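Student: Chains as they are written, first to last, in full-length UniProt numbering: chain A, 1 to 286; chain B, 1 to 528.
Be a bit skeptical, because a hint or two may be false.
[Said to hold, decoys possible] With the C-beta cut set under 7 Å, the calculated list includes, among others, these residues of chain B facing chain A: (1) L66; (2) G126; (3) V128; (4) V134; (5) L135; (6) L136.
[Stated by the list, open to error] With a Cα cut of at most 20 Å, we get these calculated DMTMM-like pairs of lysine to aspartate or glutamate: (7) K190(B) / D221(B); (8) K269(A) / D119(A); (9) K104(A) / E257(A); (10) K149(A) / D161(A); (11) K171(A) / E161(B); (12) K171(A) / E74(B); (13) K104(A) / E132(B); (14) K171(A) / D221(B); (15) K269(A) / E71(B); (16) K171(A) / E98(B); (17) K394(B) / E405(B); (18) K109(B) / E161(B); (19) K171(A) / E121(B); (20) K269(A) / D234(A).
For the record, the hints were derived by calculation from the structure and aren't laboratory data.
This one's a predicted model, so the numbers in the text were calculated from it and none came from an experiment.
The beta-carbon is built from N, C-alpha and C at its ideal position, and this holds for glycine as well.
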Amino acid sequence: MQLLRTLVVGILLLLLPLPVLAYDVLVLQSLRERSYDEALRGVRRECAASMRTVVMSDYAEIDLTRLMREEHPRLIIAVGDRALEVAERQRNVPVLYMMALHAKVRPGAPVTGVWMMLDPQRYLSVFDSLGTRRVGVLYDPQRTGGYLKRAQVSARRSGIDLLAREVRSPKETVAVLESLRGKVDALWMLPDLTAVSTETTEAYFLFSQGERIPVVSFADAYLAMGGAVALSFDRYDIGRQLGGMAQSVLDGTAVEELPTQYPRRVLMKVNDGVLRRFKLAVPGGS
Amino acid sequence: MSLRFRIPHIAKNFRFRIYITFTATIALLTAAFAAFYVITEVNGFRATMEREGRLLATVLAQNSRLPLFAENREALALLAAGTARYPSVLYVSINNTEGRPLTEVNNPKGTAEGAIDMVVEVTSPGLVSSPEAVLLGHPPVDQQRVIGQVHLRLDTSSARERLQKLVAATLAIGTLFWIVVSLVSYQILKRVTASFNLLMRGIEDIGSGNLSARVDLDSDDELGRAANAINAMAASLELRELENLSLQEELLKAMRLEVQEEKKRVMARLIHTNKMTSLGLLLSSMAHEINNPNASIRFSGHIIAKIWNDAMPLLDGVWREEGEFYLGGLPFQQARGALQENAAKIVENSERIARVVQGLRDYGVGDRSGLRPDLEVNAAVEAALSVLACQMHKDIWLKTSLNRELPVITGNQHQIEQVLINLILNAMQAFPDGRGVVLLSTRFEAAAGEVVIEVEDDGVGISAENRERLFEPFYSTKLEQGGSGLGLYISQYIVAEHGGRLQLTPRPGGGTRARVVLPAQGPAPAAT
Chain A
1 MQLLRTLVVG
11 ILLLLLPLPV
21 LAYDVLVLQS
31 LRERSYDEAL
41 RGVRRECAAS
51 MRTVVMSDYA
61 EIDLTRLMRE
71 EHPRLIIAVG
81 DRALEVAERQ
91 RNVPVLYMMA
101 LHAKVRPGAP
111 VTGVWMMLDP
121 QRYLSVFDSL
131 GTRRVGVLYD
141 PQRTGGYLKR
151 AQVSARRSGI
161 DLLAREVRSP
171 KETVAVLESL
181 RGKVDALWML
191 PDLTAVSTET
201 TEAYFLFSQG
211 ERIPVVSFAD
221 AYLAMGGAVA
231 LSFDRYDIGR
241 QLGGMAQSVL
251 DGTAVEELPT
261 QYPRRVLMKV
271 NDGVLRRFKL
281 AVPGGS
Chain B
1 MSLRFRIPHI
11 AKNFRFRIYI
21 TFTATIALLT
31 AAFAAFYVIT
41 EVNGFRATME
51 REGRLLATVL
61 AQNSRLPLFA
71 ENREALALLA
81 AGTARYPSVL
91 YVSINNTEGR
101 PLTEVNNPKG
111 TAEGAIDMVV
121 EVTSPGLVSS
131 PEAVLLGHPP
141 VDQQRVIGQV
151 HLRLDTSSAR
161 ERLQKLVAAT
171 LAIGTLFWIV
181 VSLVSYQILK
191 RVTASFNLLM
201 RGIEDIGSGN
211 LSARVDLDSD
221 DELGRAANAI
231 NAMAASLELR
241 ELENLSLQEE
251 LLKAMRLEVQ
261 EEKKRVMARL
271 IHTNKMTSLG
281 LLLSSMAHEI
291 NNPNASIRFS
301 GHIIAKIWND
311 AMPLLDGVWR
321 EEGEFYLGGL
331 PFQQARGALQ
341 ENAAKIVENS
351 ERIARVVQGL
361 RDYGVGDRSG
371 LRPDLEVNAA
381 VEAALSVLAC
391 QMHKDIWLKT
401 SLNRELPVIT
411 GNQHQIEQVL
421 INLILNAMQA
431 FPDGRGVVLL
441 STRFEAAAGE
451 VVIEVEDDGV
461 GISAENRERL
471 FEPFYSTKLE
481 QGGSGLGLYI
491 SQYIVAEHGG
501 RLQLTPRPGG
511 GTRARVVLPA
521 QGPAPAAT
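Let the sequences and hints guide you as you build the complete structure.
Tutor: Next up, the structure:
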């Protein structure tokens, strides 16, 4: 009898952690990255649900299906391209993603999130402010083809002539840029890994210097290399934006009802010296 | 031939040695500096060429980065051709990462000999991040990736030409510098060593014995101080030389005087010897002339005494028988005694004459055969007094004080007597009015082991002038009174021959004290 009682108490004690392991949100993080942490802080700011974070780079392989079966999270937040890729494979739990530059989502999949690319209209507004009508842009259809289509639609609305040139290999970038010589008033640098590689980045700015046209890029770092204007996002705010979406999903909103969103907060920085040299007005200035 | 003999002479020249050393050193230094300069210049030029080549290659690498990445051969060919236009570039190639040339340019105008090959890698730009990293906020990382390489071959013929010109110019400048420095240094050395030569000439003059020579060098440097020191030394030497000459002269003078004195003394001895020889001959002759009649007189005396002795008994019988009768004006009894006494006196005085003559003879011939080891001085004194008994005047009082415990001496009694006779006679003749007291004394000074005989008078004494010449032979203050001037001379000689000394000193209270000191044979005999 005594032995039976001890056995029962031991089993109860073993089952005691189970309620602790129960959580609402599985945060699937590609790797340990400070910018991801920054974005996740924004998520936690807006979403009070319980979360468990799994950093994929800490494991050789993640058996997400088993994890889903055993832990039953209500929502997966994928941070990074790899996390999105893994999370998308399961179809039972809705997935919200962020900080995924190459986010590709199968149609109909319960996946939504916040892009890492800004609304094209924001860029077009800058070009409009700068007074540049012919804007050259290089892109890889495999990477940023969809984005560029949306951009072309917006450009047509804005009256801006978007001269888009496809590049399928980084080696083509220089030659394609040369093909734009004399044809554009500004260059739009997309965060496209084919169009903008470490080897060809300077080609944009050499072209800018040679043609005396501004380059509008997607990050402040390029201002130092000769960029004129940089439009970037706030990682923390992206987290908050996604946290709001997560909370909505947890509150019962269907994922399908939540479209993928552009980052809502845009940070603009300009290189005054370049603008002055090119005799251009500061965007948004009087 | 003159050259062969001149070279060693010149080689010993201080100025020449310094000049040769200095010019050789300058030549070596100039050569070393020229070599260093040429090597440095060549190295510098080569380094400059390499640097320029590297710069060219780097610029080409920078410019060809995008075309190389894009494998744009046309653009690369243009860039290579642009670089090949530089005169020092012989060959340009831009290669991909496998080393395969994407473009090549050969410049045939140069020569490949000694060419410099320069290879610079073409890298992707550093501090450029990928768009993804930029979006994630990663700081830029300097990770350059090699995407190809640029190969340049540089012509160094211009460097060789420059080297030849540089060597020629350096040699010319170095030689000119050496000549100029040598000429200037010769002039400087000439001025500097002029003082040295002056000093050497002065030293040589002084060294050759010309102590009056001086180094005429007026400066306050080391040479000037050396010249002053040498001049001071020469002056000191000259002074010593003069002092030496003076001393030599004085020495010669003194030696000359000494020789003259010695000569005088030798001459005096010669004269003395001659005189003594003459005196000896005279005395011998006199002894012979006196001894013969004296012997006859003594014989006659003996005959008279013998005859009288034979005649006296007869005459006594006559007297007794016939009474008083007279002989020679004297009664017989008185004449009997007087005749006997006079006959004895004839014999006695004749013997004394014989002894005196013998003494004179012995003295004259320097006879020393009469030396006795047991001579009693008092006996000699008494003998002398007996000789002088007949010479005594009634106005002269002779007092004697003889010590009877005198030790014997080694000597000749006759000669000692002779000395005493001379001294007593001198004392007796010292009284101007023929009156006075002569004191004769003997004593023994045990401390010195000497027997002293003193003859004192209270006469006129000896003047200072005469005192120095007392013992000169034939010098006498009584030549008109029959003095020979030999008494004291002979006396001193005799005393000296006996190992003693004769002293004449003024007597306290007036007069003269003659003192004969003779070495005693032994201690004084015990009193009896």
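Student: Hint by hint, say whether it matches the structure.
Tutor: A quick look at each hint next to the structure:
1. L66: It holds, given that the least Cβ distance between L66(B) and chain A is near 5 Å, below 7 Å.
2. G126: violated, 9 Å
3. V128: holds, 5 Å
4. V134: Result: holds, 4 Å to nearest chain A Cβ.
5. L135: holds, 6 Å
6. L136: holds, 4 Å
7. K190(B) / D221(B): Holds: K190(B) and D221(B) sit about 17 Å apart, inside 20 Å.
8. K269(A) / D119(A): With a Cα-Cα distance of about 16 Å, the restraint between K269(A) and D119(A) holds, given a limit of 20 Å.
9. K104(A) / E257(A): Between K104(A) and E257(A) the Cα gap is close to 18 Å, so the pair holds against 20 Å.
10. K149(A) / D161(A): holds, 13 Å
11. K171(A) / E161(B): violated, 45 Å
12. K171(A) / E74(B): Holds: K171(A) and E74(B) sit about 15 Å apart, inside 20 Å.
13. K104(A) / E132(B): holds, 16 Å
14. K171(A) / D221(B): Violated, at about 87 Å.
15. K269(A) / E71(B): Violated, because 35 Å separates the two Cα atoms, which is more than 20 Å.
16. K171(A) / E98(B): holds, 17 Å
17. K394(B) / E405(B): Judged against 20 Å, a Cα distance of about 30 Å means the pair is violated.
18. K109(B) / E161(B): holds, 16 Å
19. K171(A) / E121(B): holds, 19 Å
20. K269(A) / D234(A): holds, 13 Å
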